[in-house]
Amino acid sequence: MTTILLYGIDSILGIKVAQKLVDQDGVRLIGWGNRPPVMPLQTVDVLTARLSDDQIAKLIQAEGIDTVIRLDPASQISSDNDNTLLHQPDIRRTADAIMTYAANGVQRIVIHSSSLVYGANPVNPAFISEEQPLPAPAEEVSALSYGDLESFVSEMPDANPDLQVVTLRCAPLVGGGVWSPFASYLNQAMPATLLGYNPRVQVLHADDAAQAFVLAATSDAVGPFNLASSGSTTLERAIRLVGHMPLPLPELLLNVGASLRMNQKASGDWPFDQAFLRYACVVDTQRAGNELGWTAEYDIETALHELAAEQDAYDEYTLAEGALQAFLSRRSDV
Amino acid sequence: MSDERVAREQQHAGVPLLSDNSHNVAPKTQSTNNGDAVEQRMCAATTRKGKPCGNQALSGSAYCRVHMALTAKPQSATDKSAAANVAQPEQPRPEDVDDDDGEIAIRDVRASANSQPTDGGALPYAAIGQAADSVYEIEIEVREHADGQDDLAAGIGAVAASLLRMIGENLQRMTPQQVRQALDMLRGINPRDFLDPNFWEGIWMVVSYQFQEQYEFVQRRLRGDYPIDPYGLDYELVDRMRPFMSFMYRTWWRITTEGIENVPEAGRSLIVANYGGILSWESAMIGTAIAEEHPSPRLVRNLFLPWFNALPFIAPAMAALGNVPGLPENALRLLEEDELVCVFPESMNGIGKLFRNRYRLGRFGHGGFVQTALRTGAPLTPVAITGSAETFPILSNAETIAKMLGLPYFPVTPFFPWLGPLGLIPLPSRWTITFGEPIPTAQYGPESADDSLIVFMLSEQARCAIQTTLDAKLKERTSVF
Numbered sequence: 001m002t003t004i005l006l007y008g009i010d011s012i013l014g015i016k017v018a019q020k021l022v023d024q025d026g027v028r029l030i031g032w033g034n035r036p037p038v039m040p041l042q043t044v045d046v047l048t049a050r051l052s053d054d055q056i057a058k059l060i061q062a063e064g065i066d067t068v069i070r071l072d073p074a075s076q077i078s079s080d081n082d083n084t085l086l087h088q089p090d091i092r093r094t095a096d097a098i099m100t101y102a103a104n105g106v107q108r109i110v111i112h113s114s115s116l117v118y119g120a121n122p123v124n125p126a127f128i129s130e131e132q133p134l135p136a137p138a139e140e141v142s143a144l145s146y147g148d149l150e151s152f153v154s155e156m157p158d159a160n161p162d163l164q165v166v167t168l169r170c171a172p173l174v175g176g177g178v179w180s181p182f183a184s185y186l187n188q189a190m191p192a193t194l195l196g197y198n199p200r201v202q203v204l205h206a207d208d209a210a211q212a213f214v215l216a217a218t219s220d221a222v223g224p225f226n227l228a229s230s231g232s233t234t235l236e237r238a239i240r241l242v243g244h245m246p247l248p249l250p251e252l253l254l255n256v257g258a259s260l261r262m263n264q265k266a267s268g269d270w271p272f273d274q275a276f277l278r279y280a281c282v283v284d285t286q287r288a289g290n291e292l293g294w295t296a297e298y299d300i301e302t303a304l305h306e307l308a309a310e311q312d313a314y315d316e317y318t319l320a321e322g323a324l325q326a327f328l329s330r331r332s333d334v
Numbered sequence: 001m002s003d004e005r006v007a008r009e010q011q012h013a014g015v016p017l018l019s020d021n022s023h024n025v026a027p028k029t030q031s032t033n034n035g036d037a038v039e040q041r042m043c044a045a046t047t048r049k050g051k052p053c054g055n056q057a058l059s060g061s062a063y064c065r066v067h068m069a070l071t072a073k074p075q076s077a078t079d080k081s082a083a084a085n086v087a088q089p090e091q092p093r094p095e096d097v098d099d100d101d102g103e104i105a106i107r108d109v110r111a112s113a114n115s116q117p118t119d120g121g122a123l124p125y126a127a128i129g130q131a132a133d134s135v136y137e138i139e140i141e142v143r144e145h146a147d148g149q150d151d152l153a154a155g156i157g158a159v160a161a162s163l164l165r166m167i168g169e170n171l172q173r174m175t176p177q178q179v180r181q182a183l184d185m186l187r188g189i190n191p192r193d194f195l196d197p198n199f200w201e202g203i204w205m206v207v208s209y210q211f212q213e214q215y216e217f218v219q220r221r222l223r224g225d226y227p228i229d230p231y232g233l234d235y236e237l238v239d240r241m242r243p244f245m246s247f248m249y250r251t252w253w254r255i256t257t258e259g260i261e262n263v264p265e266a267g268r269s270l271i272v273a274n275y276g277g278i279l280s281w282e283s284a285m286i287g288t289a290i291a292e293e294h295p296s297p298r299l300v301r302n303l304f305l306p307w308f309n310a311l312p313f314i315a316p317a318m319a320a321l322g323n324v325p326g327l328p329e330n331a332l333r334l335l336e337e338d339e340l341v342c343v344f345p346e347s348m349n350g351i352g353k354l355f356r357n358r359y360r361l362g363r364f365g366h367g368g369f370v371q372t373a374l375r376t377g378a379p380l381t382p383v384a385i386t387g388s389a390e391t392f393p394i395l396s397n398a399e400t401i402a403k404m405l406g407l408p409y410f411p412v413t414p415f416f417p418w419l420g421p422l423g424l425i426p427l428p429s430r431w432t433i434t435f436g437e438p439i440p441t442a443q444y445g446p447e448s449a450d451d452s453l454i455v456f457m458l459s460e461q462a463r464c465a466i467q468t469t470l471d472a473k474l475k476e477r478t479s480v481f
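Quick note, the sequences are listed as chains A and B, same order.
The opening position of the first sequence corresponds to residue 1 in this note's numbering, with each subsequent residue numbered one higher.
The opening position of the second sequence corresponds to residue 1 in this note's numbering, with each subsequent residue numbered one higher.
For reference, chain A alone in the conformation it holds in the complex (with noise of 0.2 Å):
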């Protein structure tokens, strides 16, 4: 019997993953997150609270945990703040937080990445490995403040001969109800794009991440993987496919506009580092498929299809609204 604790069951993500792991033979199943699930969940134990790292340790001792999910941080903020200034303290909470799992008798630890931490640069292969070297983190820039944490995190098995780390570099998440910085970008009416440039893009399904980050969990691969969706397309492809229409900006017009702080209004909204308006960044998925047995159901086309079809599912509020409708209801049916 193996136990899982599941950090992040208070996102959409993390409800799909642990429907997808209460049905696996052999494993006991922990949700923790710091608010409630946003949908109810039957035979999980959940946990809602905010704990410090002695109380972490406490949990994971009393509760005889060998697995670690830590899903992305990122993925629990609502589209309202302000991505880049949440997500640094996140980051910092979460290398805390493995610290202890390992210090703790923790076996392995499953960490959601992004595949953005490989940067944007006109030299990148059309696919990128997991051998790739990274880039420095820069600063400010919340997809690299991913390279921090997996700066931190590859240097754990050094220290730590038998703690297992798998690290899942995942493509912007698209449909299934969950919110992400580039769901959020697409969702605008017209996304703000570099004059002269359509680089390539992928994004990753939330049903195809949640069953990556069950076979990470349960199986013995280490390292890291890139997890897409099949296929690739144009910037402004994925932005029509989503129903709207892109507004080609000339970089200084671009720049004025971040200054200003004028991102909504004058130049959109673009949550992440302003050189993936310009080059590629798309990774290739054959580990993930050869090691951990993972393939994408979904095609870029129909995971763009399926937010396009969502819209506004991925603003928590409304999703959270709709679970709660949906238990009074039940009750008063009863």
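Hints are computed from structural coordinates only; laboratory data are not their basis.
Just so you know, nobody snuck in bad clues.
Label-pair restraints from in silico Cβ distances:
no.: 1; chain 1: B; residue 1: F415; chain 2: A; residue 2: T295; range: 53 to 61 Å
no.: 2; chain 1: B; residue 1: L453; chain 2: A; residue 2: P133; range: 29 to 37 Å
no.: 3; chain 1: B; residue 1: S452; chain 2: A; residue 2: P133; range: 20 to 28 Å
no.: 4; chain 1: B; residue 1: M348; chain 2: A; residue 2: E155; range: 34 to 42 Å
no.: 5; chain 1: B; residue 1: E265; chain 2: A; residue 2: G289; range: 25 to 33 Å
no.: 6; chain 1: B; residue 1: G267; chain 2: A; residue 2: P248; range: 38 to 46 Å
no.: 7; chain 1: B; residue 1: D338; chain 2: A; residue 2: N290; range: 18 to 26 Å
For clarity, every value in this text was computed on a predicted model and none was experimentally measured.
Don't be surprised by glycine CBs; every beta carbon is placed ideally from N, CA and C.
With chain A fixed as given, assemble chain B onto it according to the hints.
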């Protein structure tokens, strides 16, 4: 060919059926401005209505522009190079031509136009050109018939001919499936009956169909409902660029292609070619040569300098047309996917080569392309291109300006930068593209990619093959233009 089969071909194909009428067409004479009578040879073909074609024959040919394209027969390699100077959409296959009794049947272009894109996404370009020529033939018939009518009928005929011309031009921007649909609509049109409402009904159906297709094309683009491959290749854009590329290939540079049989119909192969000009027109023309001349057209994946990825507008355009940044990882992956990859190993030394050094191959880098070929077992196909160095004669490289602009080089030609963007229009030199014998690499094994001696040997073998062919072709060349 029997009469019955001819009639059946004509009925099902909906395309003209020609017969050789050289025996019943007397040379016409035409007076020049100074009163001298000059013998004017008329086209020897007969239209599908059995009338002799009224067009002038091309110089050195018994046929006019339209019929020359339709009746060209397979020729020897030597003859073919000469014939390539004439508009020649596709060589009919032996089974499609039966001239035992003096008749020449044109194969069903609709069947060819209906074929699916090949493995690499290449389309049967030649079949579409042939379909357009079929429409041009009807246009010519309408014009001929209208000439003998009264003013009103002649005017109507001229309008009908103009519409047919427009239809033919639009065909070249359509997909094979759309071409087939349009040809189906044209089936049964009698060019002599342009005063018949049925004639106009057929024309109107095709014109409205083409307008509708254009409208839907725009709508599809706005919805993002168009196919893109994982490398960013935009199939529709490639189709749209086809007529322009064909114009540059056949009309602007009058390119003669030799050794096309050395390009495999399927499977991996690494084409190694020489650079000549500022812009990478060579890669585009190699792709066009294979699309237009090869019996099994396939898409060529040209590897371009990653530096181009930083250039606005150019970077997305190159990716959309199927080009891929020239990185070892990309080349390896493409070859493992059995693609036809084209590389220019001279790299920056080749693309910015001064005019005085033209056709003198520079160093082939460190042999990275050979290592990729060895790792994948792909044969090297050396390609020598002459004529491209004269398109942009680079007199000097203004290094100071290049550094200021952050460019790897800044070419100074007789026209650039003096004429601004107009100076980037390439000169219409005459090109030859010669595909050499493939150099196999599979026998060395993937491990030999780390053997510098084998890598150097194969690199030099490819380089010598290209240089030798270049020298030979330059000796044969009588004029740059």
